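Starting from the known structure of chain A, fit chain B onto it as the hints suggest.
If you're matching them up, the sequences are chains A and B in order.
Heads up: the first sequence begins at 292 in our numbering, then just goes up one per residue.
Heads up: the second sequence begins at 21 in our numbering, then just goes up one per residue.
The set of hints was computed from the structure by calculation and includes no laboratory data.
Predicted, not measured: the structure shown is a model, and the values here were computed from it.
Note that beta-carbon positions come from the ideal geometry of N, C-alpha and C, so glycine has one too.
Among these hints, one or two may not hold up.
[To be verified] If you anchor each label on the Cβ, the simulated ranges turn out as follows:
no. : chain 1 : residue 1 : chain 2 : residue 2 : range
1   : B       : Leu117    : A       : Glu341    : 50 to 58 Å
2   : B       : Val126    : A       : Ser332    : 40 to 48 Å
3   : A       : Glu344    : B       : Ile67     : 56 to 64 Å
4   : B       : Leu108    : A       : Met292    : 30 to 38 Å
5   : B       : Leu71     : A       : Asp349    : 50 to 58 Å
6   : A       : Asn304    : B       : Gly115    : 54 to 62 Å
7   : B       : Ala111    : A       : Asp349    : 46 to 54 Å
8   : B       : Phe136    : A       : Glu344    : 40 to 48 Å
9   : A       : Leu345    : B       : Arg29     : 29 to 37 Å
[As the list claims (entries may be wrong)] In silico EDC-like cross-links for lysine to aspartate or glutamate, where the CA-CA straight-line distance does not exceed 20 Å:
no. : chain 1 : residue 1 : chain 2 : residue 2
10  : A       : Lys313    : A       : Glu344
11  : A       : Lys338    : A       : Asp349
12  : B       : Lys147    : A       : Asp330
13  : B       : Lys53     : B       : Glu127
14  : A       : Lys338    : A       : Glu348
15  : A       : Lys297    : A       : Glu325
16  : A       : Lys297    : A       : Glu341
17  : A       : Lys313    : A       : Asp330
18  : B       : Lys147    : B       : Glu90
19  : A       : Lys356    : A       : Asp330
20  : A       : Lys313    : B       : Asp89
21  : A       : Lys338    : A       : Asp309
22  : A       : Lys313    : A       : Glu325
23  : A       : Lys338    : A       : Glu325
24  : A       : Lys313    : B       : Glu90
25  : A       : Lys338    : B       : Glu90
26  : A       : Lys338    : B       : Asp89
27  : B       : Lys147    : A       : Glu325
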Amino acid sequence: MNNRLKVLRAERNWSQGDLADKLEVSRQSVNAIETGRYDPSLPLAFKIAELFELAIEDVFVSPSKEA
Amino acid sequence: MTWSPANRRYNFRVVILSLFYAAFLLGAVYGFKHHLVTGPLAWVAAILPALPIIGIFAAIGLYLVEEQDEYLRMLMVRQTLWASGFALSIATIWGFLESFELVGHVESYYVAVLWFGGLGLGACANKLTIGRGS
Numbered sequence: 292m293n294n295r296l297k298v299l300r301a302e303r304n305w306s307q308g309d310l311a312d313k314l315e316v317s318r319q320s321v322n323a324i325e326t327g328r329y330d331p332s333l334p335l336a337f338k339i340a341e342l343f344e345l346a347i348e349d350v351f352v353s354p355s356k357e358a
Numbered sequence: 021m022t023w024s025p026a027n028r029r030y031n032f033r034v035v036i037l038s039l040f041y042a043a044f045l046l047g048a049v050y051g052f053k054h055h056l057v058t059g060p061l062a063w064v065a066a067i068l069p070a071l072p073i074i075g076i077f078a079a080i081g082l083y084l085v086e087e088q089d090e091y092l093r094m095l096m097v098r099q100t101l102w103a104s105g106f107a108l109s110i111a112t113i114w115g116f117l118e119s120f121e122l123v124g125h126v127e128s129y130y131v132a133v134l135w136f137g138g139l140g141l142g143a144c145a146n147k148l149t150i151g152r153g154s
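For reference, chain A alone in the conformation it holds in the complex:
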C-alpha cells in the first residue's frame, strides 16, 4: 500500500529510527511500511496517522484509489 510516510517524516526531519521510537516499533517495521512492503494493522495505521495529526487517508493511499 502506497503512503506518504517518507515525505511526512522528512518534513519533520525525523530519521526512520526516530519514527520507530515514537511508534514503539522496530526501524525495520518503519522501513517496510514506508516502502510499501508491509501494510500495517489498523491500530498501527491509526497510531501513525495520530502521530502526524492526520487522518489515515492522508497518510495511506487506498488501493482502490491508486492509479
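Chain B in isolation, oriented as in the chain A frame:
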C-alpha cells in the same frame, strides 16, 4: 538490524536450551554406549535430548506471543510456515520412498532438523520478498 526485547529473550532461551540439548545428548550417548542406563532410566535418558528441542518450539511460540512489533511477528510466522511446509514435504516424500524400499530408514527426529533448516529457508524467503531492515 536491531533486536526487539522479545527477540533477545528468544535468543537467550534458544542458547540455554541448546546447551541443555548438548549436555543431555552427550550424556545419553555416553550412558548408552557404556551400558549405564537400562530399564526406565533408559527411557528417561533417551527422551531427555528431545525435551530442549521441544522447548525451542515452545520458545518460538512464546516469541510470537511476546513480540509487540507486528512486522517482526509476521516475519517469524512466515518463517515457521516455510519451516513446516518444508519439513512435512520432505518427510512425506521420504516416507513414500521408504515404504517402496527405495531409500533407507531415517530416524524421525530428523524432521525437527528439517524444520529448523526450513526456518532458515523462511528467513531467506522473507529477505527476498519483503526484506528485513536496510
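A quick look at each hint next to the structure:
Judged by the Cβ atoms, the range 50 to 58 Å given for Leu117(B) and Glu341(A) holds: they are separated by roughly 57 Å. The beta-carbon spacing between Val126(B) and Ser332(A), approximately 42 Å, falls within the hinted interval of 40 to 48 Å. Checked against the given bound of 56 to 64 Å, the beta carbons of Glu344(A) and Ile67(B), roughly 58 Å apart, stay inside it. Between Leu108(B) and Met292(A) the Cβ separation comes to about 32 Å, which falls inside the hinted range of 30 to 38 Å.
In this structure, Leu71(B) and Asp349(A) meet the distance hint of 50 to 58 Å, their C-beta atoms being roughly 53 Å apart. At roughly 59 Å, the beta-carbon separation of Asn304(A) and Gly115(B) lies within the given 54 to 62 Å, and the hint holds. Taking 46 to 54 Å as the suggested C-beta distance range, the pair Ala111(B) and Asp349(A) conforms, at roughly 50 Å. Judged by the Cβ atoms, the range 40 to 48 Å given for Phe136(B) and Glu344(A) holds: they are separated by roughly 46 Å.
Separation of Leu345(A) from Arg29(B) is about 35 Å and conforms to the stated range, judged on CB atoms against 29 to 37 Å. For the proposed pair Lys313(A) and Glu344(A), the alpha carbon gap of about 13 Å is at most 20 Å, so the pair holds. Taken as a hint, the Lys338(A) and Asp349(A) pair is honoured in the structure, with Cα atoms around 13 Å apart against an allowance of 20 Å. Of the pairs offered as hints, the one joining Lys147(B) and Asp330(A) holds, with about 16 Å between alpha carbons and a cut-off of 20 Å not exceeded.
Between Lys53(B) and Glu127(B), the direct Cα distance comes to roughly 18 Å. Compliance with the 20 Å bound is thereby established for this hinted pair. Among the hinted pairs, Lys338(A) with Glu348(A) is consistent with the structure: their alpha-carbon atoms are about 13 Å apart, no more than 20 Å. As the CA atoms of Lys297(A) and Glu325(A) are separated by approximately 6 Å, the hinted pair is consistent with the 20 Å bound. The hinted pair formed by Lys297(A) and Glu341(A) meets the criterion: a straight-line CA distance of about 16 Å does not exceed 20 Å.
Only pairs whose Cα atoms come within 20 Å are accepted, and Lys313(A) paired with Asp330(A) is accepted, the gap being roughly 18 Å. In summary, the hint linking Lys147(B) to Glu90(B) is supported, as the alpha carbons are separated by about 17 Å, within the 20 Å threshold. Restraint check: the Cα-Cα separation between Lys356(A) and Asp330(A) comes to about 16 Å, which is no more than 20 Å; the hinted pair holds. For the hint pairing Lys313(A) with Asp89(B), the CA-to-CA distance comes to about 13 Å; that is within 20 Å, so the pair holds.
A threshold of 20 Å between alpha carbons decides the hint, and for Lys338(A) with Asp309(A) the separation of about 15 Å falls inside it, so the pair holds. For the hint pairing Lys313(A) with Glu325(A), the CA-to-CA distance comes to about 15 Å; that is within 20 Å, so the pair holds. About 14 Å separates the Cα atoms of Lys338(A) and Glu325(A), which keeps this hinted pair within 20 Å; it holds. For a cut-off of 20 Å, the pair hint linking Lys313(A) to Glu90(B) stands: about 15 Å separates their Cα positions.
Taking the CA atoms of Lys338(A) and Glu90(B), the gap is near 13 Å; set against the 20 Å cutoff, the hint holds. With a C-alpha separation of about 13 Å, the suggested pairing of Lys338(A) with Asp89(B) holds against the 20 Å cut-off. Between Lys147(B) and Glu325(A) the CA atoms are separated by roughly 16 Å; this keeps the pair inside 20 Å, and the hint holds.
In summary, the structure agrees with every hint in the numbered list given earlier.
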